[in-house]
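Chains A and B, in that order, are what the protein sequence lines are.
For the first sequence, the numbering used here gives the first residue as 13, with consecutive numbering after it.
For the second sequence, the numbering used here gives the first residue as 5, with consecutive numbering after it.
What the hints contain is simulated information worked out from the structure, not anything from laboratory work.
All figures in this text were calculated on a predicted structure; none of them were measured in a lab.
Heads up, the beta-carbon is just placed ideally off N, CA and C, and yes, glycines get one too.
Per label pair, the in silico range of CB-to-CB distance:
1. Asn254(A) <-> Gly17(B): 37 to 47 Å
2. Ile13(B) <-> Arg420(A): 53 to 63 Å
3. Tyr141(A) <-> Trp286(B): 36 to 46 Å
4. Ala211(B) <-> Val554(A): 35 to 45 Å
5. Trp159(B) <-> Asn415(A): 36 to 46 Å
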Amino acid sequence: MSTICVAGAARRTCMTAGHQLGSRLYHLIVQRSMAWENASATSRRWYEESKRTHRLDVVVGEEDIVVTTTFAERGFGSRSSGIETATARSRFRACIDKVPASFATSPGGAVFPFLGFSGPSMFGIDALYIARFQFAFTVAFHILFPAFSIGLAAYLAVLEGLWLKTGRQVYLDLFRYWLKIFSIGFAMGVVSGLVMSYEFGTNWSRFATKAGPVLGPMLAYEVLTAFFLEAGFLGVMLFGMNKVGKRLHFAATCLVSIGTLISMTWILASNSWMQTPQGFTIEPGTGRFLPADWWKIVFNPSFPYRLVHMGLAAFLCVAFTVGGVGAWHLLRARREGREASPAVRTMFSMAMWMAAIVAPIQIGAGDTQGLNTLQYQPAKIAALEGDWEGGSRAPEILFGIPNMKEERTDYAVEVPLLGSLILTHSLNGHVPGLKEFKPEDRPYSPLMFFTFRIMVGIGFLMFGLGLWSLWQRWRGSFYQSPWLHRAALLMSPAGFVALLCGWITTEVGRQPFTVYGHLRTVDSVSPIALPGMATSMAAFAVVYFFVFGAGLMILLRLMGQEPVMGEPGPDPRAPTRTAGMRPAPVENGAVMQGGSGHGYPRPAHPDAAE
Amino acid sequence: MTEAYWLPILWAGLVAFAVLAYVVLDGFDLGLGILFPVEKGEGDRDVMVNSVAPVWDGNETWLIFGGAALYGVFPVAYSTILPALYPTIIAMLLALIFRGVAFEFRFRAHTPTGRRQWDLAFWLGSTTAALAQGLTLGGLMQGIKVQDGQYAGGWWDWLTPFTVLCGIAVVIGYGLLGACWLVWRTEGDLQRRSRRHASVLGALMLAMIVVVSLWTPQLHLHYLRHWLVWPRVLIVSPVPVLVAALAILFFWSLKRDHHLTPLLCALGWFFLSFSGLGISLWPWIVPPSIDIWQASSPPTSQIFLLVGSAVLVPTILAYTAYAYWVFRGKIGADTHYH
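Full structure from sequences and hints, please.
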């Protein structure tokens with residue numbers, strides 16, 4: 013360790029001296045002084061090469077290490093050019109067995125204070141917060157689209173399968189109707205996901221260096237096993253019905269759906285590993301996570317629970333979107349005094365079955381994930397409960413405002429004993445309190461407290477709607493119950509709201525660590541200065557609101573059209589785009605739907621467009 | 005030879021392959037966007053977009069794979085290159101967002117103005133993405149300041165005459181690929197115009213190859229040594245010769261009305277230029293201080309990913325080829341993918 017320390021100091025000094033040898037010196041000195049016999053071939057080659065080209069000399073004494081170099085080299089990196097010559101002669105006292113904490117744990121921390129992220133800036137906001145906010149912002153946008161794709165791809169596969177099995181036109185109509193919507197959502201998922209795969213490096217470079225050996229291969233597997241599969245067969249799924257035939261097309265749809273599920277599996281394995289890491293060792297000196305047991309890494313303790321919870325969440329997101337669209341068209345048909353089309357009735361019915369069956373399962377899945385979190389991340393439980401004291405026979409705080417400074421929850425409304433009962437399934441069970449954890453290890457409770465409650469509340473509302481729909485079915489007034497339809501319409505974005513709230517709860521609850529218990533967020537951030545981070549944050553915000561706002565408008569417009577008999581898919585002989593180019597209301601005013609006012613021609617009359 | 009020695013070499017090859025696959029595949033569909041200002045006809049633009057609509061998604065996936073593989077196998081490179089080239093990377097990602105959604109949105113726009121806006125987004129997005137990729141490449145080639153395994157340079161280090169030249173070269177190169185793609189996949193007037201564009205862009209591309217090739221060795225003695233040291237010069241000298249041979253074939257085939265040959269020649273140029281860059285860089289991954297062995301993750305990570313890649317990459321190539329096969333043939337005005 014002492015040698016590493018000296019070598020680190022040598023490297024820094026040499027870098028400051030203005031030449032490029034520093035990073036090589038690190039390895040050279042370590043190898044030269046500790047175990048030259050064990051040095052890798054590369055290091056030996058460098059050493060020999062450097063000795064020749066840069067007249068490098070390393071003398072290891074009892075107390076000193078003397079590094080002498082003379083070199084001539086072209087300027088790199090910046091706009092410096094021409095030949096520079098410099099001599100660095102450095103002497104360092106060997107600090108025996110004493111490694112400065114800043115070097116051992118976070119090499120950057122000691123070196124880059126001038127870049128402005130190791131302390132608060134003059135506005136009290138530093139690059140770390142912008143980096144976090146930017147990542148949270150981009151991932152929050154992104155997470156909606158994969159969830160939508162996962163659920164919708166599965167729904168499409170079911171619809172096409174039903175169509176092949178029963179031959180009923182209504183399933184094909186619904187398939188084509190939702191396929192158009194899927195293609196838009198999928199494109200937005202791809203482009204927002206691309207950002208994520210690079211943001212680990214741009215915003216979290218120190219995290220990437222350390223956790224890359226564990227997380228990088230998992231993400232690469234996600235790309236190899238899922239993204240390529242989805243992208244490869246998406247073209248066939250969207251446009252290939254007439255080219256490859258029904259059965260192959262169904263296979264393509266299933267492969268895309270399987271791809272979305274595989275993708276979810278890998279990304280949740282990665283995310284869960286950050287929450288409950290295992291199966292690794294930490295390399296001394298560099299702090300890198302070295303994978304030791306891949307099975308343990310992938311199947312880490314929270315992974316199965318999180319996978320089930322997230323998968324069901326994606327299905328519920330889509331179920332409630334489909335249900336909301338169905339309800340909208342049922343309500344409109346009722347207002348116009350006509351019978352809703354079979355496709356509308358079928359989609360509403362399918363969605364409400366999902367709500368009735370999946371919502372209670374999801375509540376159970378959430379409960380098991382809570383128990384798992386209690387076991388592995390008790391601080392997260394304490395923070396989302398807003399519970400400072402903990403202990404047995406703990407109350408459940410229904411409402412309150414956690415106060416991090418005063419270490420209490422203000423305005424708390426409590427139900428005695430319920431906290432212990434929910435979390436441990438026993439009245440006398442012990443629940444953790446935030447005060448059991450050091451202040452610097454506590455997640456930010458005020459945010460999680462509310463997001464958690466919103467998520468749980470929506471979960472029970474979903475369950476309630478499912479029960480209501482069952483009751484109306486039993487009464488035989490399922491399609492004639494406007495209040496049920498209104499509730500379903502109101503609940504259409506509920507899945508996504510719950511998903512985001514759940515995600516915020518679990519990720520904020522992981523703070524202040526990126527790899528729980530092992531790597532702090534403050535030690536993960538890139539050496540990017542505040543102005544750069546802030547500029548890119550602004551650019552992301554503008555672009556995302558503009559692009560995804562436009563995407564949402566297009567999605568809503570597509571959903572606002574009623575699915576009809578002989579629904580054209582994205583590969584119609586009657587080109588929707590020809591219609592789209594024209595000032596549609598003028599030519600297709602006759603077929604506009606009453607009250608909608610968007611002027612988009614209805615695909616019900618493809619002949620009119622031709 | 006230990007596994008710690010040969011694994012990074014294998015992976016450097018695989019990452020290079022992924023980057024090359026991305027460049028040649030997404031190159032032509034970005035190229036179509038770059039050509040938008042010279043193809044103003046709505047019908048022609050639809051044909052252009054439709055010729056890649058079923059496959060662009062897969063093309064872009066190679067970029068995601070490149071990023072993820074770099075993250076997993078060369079985390080040190082991933083975590084120094086990306087902060088160093090932060091502005092160009094972010095610009096590229098934002099540009100690709102515009103251009104990716106424009107594929108879908110332009111067909112769904114319900115007014116002519118909306119459609120023109122998304123056409124503009126498609127052009128700007130494609131061109132900016134190409135420019136940013138060139139700047140990134142140039143920024144990497146000219147070297148990155150690294151200290152303690154982290155980027156230690158400034159905010160504007162990536163902006164130099166050399167990187168700007170690389171940016172322009174990539175825009176021209178992608179434009180060439182796009183034009184050649186249209187020569188292959190379309191017919192009639194659009195094909196005739198594309199042939200003309202291809203020959204202009206081909207000449208510009210050749211000029212760019214020459215200038216960049218002469219400039220690169222000036223950046224660092226290391227690069228020069230890789231090209232001019234005996235006996236290495238024997239191995240690398242075919243590269244310029246082949247570029248010249250392909251140039252002759254390219255212009256000849258354009259004149260003789262070949263459909264596919266110009267595209268193959270352009271791809272050949274990309275392959276040779278890419279090899280040239282590889283020869284200059286080797287064994288560095290972040291010049292001038294980090295080589296592939298220093299940048300690599302531990303062998304356990306590399307083996308874990310390599311085992312799967314050995315099976316999956318050929319499978320991916322097979323079904324990607326199948327997807328291209330399904331949508332083969334000339335794209336006419338009556339082909340509607342939206």
